[in-house]
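Undergrad: Each chain, written out:
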Amino acid sequence: MRQPRRRRLAVVLFVIGGSTATLSLALLALQENVDLFYEPARVTNGEAPVGVDIRAGGMVVEGSVAHDPEGLGVAFSITDHGGHEFKVRYVGLLPDLFKEGKGIMVRGQLTADGLFNASEVLAKHDENYVPREFHDMVEDAGLAGSAQALSTEPG
Amino acid sequence: MGWIKTTFHKTGSPRWFFTGSRPWVIGLYVFGALLIVIGSTWGLGFVPAERLQGNSVRILFIHAPAAHLAEAIYVAIAIAGFVFLVWRMKMADMLIQAAAPIGFVVTVVALATGIIWGIPTWGTGWVWDARTVSTLLLAFLFFGLVALRQAIERPDRASRAVALLALVGVVNIPIIKYSVEWFTTLHQPPSIEIGKKPAIAAVFLWPLAVNVLGFYCFVAGVVIAALRARIVEREAGAKWLRDWTVKS
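Quick mapping for you: the protein sequence lines, in order, are chains E and R.
Using the numbering used here, the first residue of the first sequence is number 1, and each one after it goes up by one.
Using the numbering used here, the first residue of the second sequence is number 156, and each one after it goes up by one.
Below, simulated BS3-like cross-link-like pairs (lysine-lysine); rule was C-alpha separation at most 25 Å, straight line:
#: 1; chain 1: R; residue 1: K160; chain 2: R; residue 2: K245
#: 2; chain 1: E; residue 1: K124; chain 2: R; residue 2: K351
#: 3; chain 1: R; residue 1: K332; chain 2: R; residue 2: K352
#: 4; chain 1: R; residue 1: K165; chain 2: R; residue 2: K394
#: 5; chain 1: R; residue 1: K352; chain 2: E; residue 2: K124
#: 6; chain 1: E; residue 1: K102; chain 2: E; residue 2: K124
#: 7; chain 1: E; residue 1: K124; chain 2: E; residue 2: K87
#: 8; chain 1: R; residue 1: K352; chain 2: E; residue 2: K102
#: 9; chain 1: E; residue 1: K124; chain 2: R; residue 2: K332
#: 10; chain 1: R; residue 1: K351; chain 2: R; residue 2: K332
#: 11; chain 1: R; residue 1: K394; chain 2: R; residue 2: K245
#: 12; chain 1: R; residue 1: K245; chain 2: R; residue 2: K165
Computed from the model, here is a short list of chain E residues facing chain R with C-beta under 10 Å:
#: 13; residue: R5
#: 14; residue: R8
#: 15; residue: I16
#: 16; residue: L23
#: 17; residue: G92
#: 18; residue: L97
#: 19; residue: E120
#: 20; residue: L122
#: 21; residue: K124
#: 22; residue: Y129
#: 23; residue: V130
#: 24; residue: R132
Footprint (simulated), chain E over chain R, 3 or more residues, beta carbon under 8 Å:
#: 25; segment: 237-244
#: 26; segment: 271-277
#: 27; segment: 321-334
Everything labelled a hint here was simulated from the structure, so no lab data went into it.
Quick reminder that beta carbons are idealized off the backbone N, C-alpha and C, glycines included.
Whole structure, please, built from the sequences with the hints as guidance.
TA: The structure is reproduced here in structure tokens:
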């Protein structure tokens, strides 16, 4: 390679290295600081602030979902399957992925008596895509943990 | 290793590229469009509903190919930026110029379909998580490549600045890719990974594969056509181009 090209190559490599390093450090710093998320244990033991917008999440307790007879209001409990549980109250449309026993995230405020007033309920999808009929078929056959079993045997 | 150097020099020649690339454009357009029609009809009309997402799963057949392609276009642009900065190859600069607006459109398609999917399934169209923000940044980068070139008056300086931005922006690509693994995101982790059994049932996988290939081929055709237009623009006075125009 001729001299000017070699010099340009060096400059270019330096720029790539520099920007990668800068970004890595920024991301590392972010990872340590972003902590707005409260697990059920931290909600119940009083670590989560009252009356401030926070995010919390966990699994929806099976059988806990109670829709109001009128309107869009709904109440349910969130657990970490480790003995920590808190009640959530929400008025609005629930996402399609909201299911008992599934993981969800709520945003809202905690009241002094431990009730979580959610302004937003978000459900996370996992990487598994399973057709509905197939899922029902397996469920009808009475196989436990069908979704999980299916995800390892797609098609 | 001689052929690498030959190919490199040939690709660097606007004349060689221009005179030989027309059949490619037509071929890629036809083949890509055919695959997209097949994959989309299959995915939108014939695939069963997903167990949790229901019919919203059909958006996947547009969203995933667009998102994947947007990243691939950026990587191609970044490589071109590198080549231009080191070897000052004109064709690399023209490729950035041709591909940037196309990359922007494809990224917007990925973002828009993601929002449409998110509203019913997540419960919100937008979250500020690592995957969505880094993809939004990708759209800004594509836009920036176009805007920066227009902001600098001298073409040679503009080319160099754009190439540098293209190169530096490539650090965003691994962030998009691994954001769902490094951070807690609402966006799900990948369903298809090299060396792993796909977590997506075959009924969804096939139309998706067809559409991914279709998107790649069709957009490759669009990029080559745009690149040809840039060549005509820059080489307007060249004798070979005049000869070619007369001949065909």
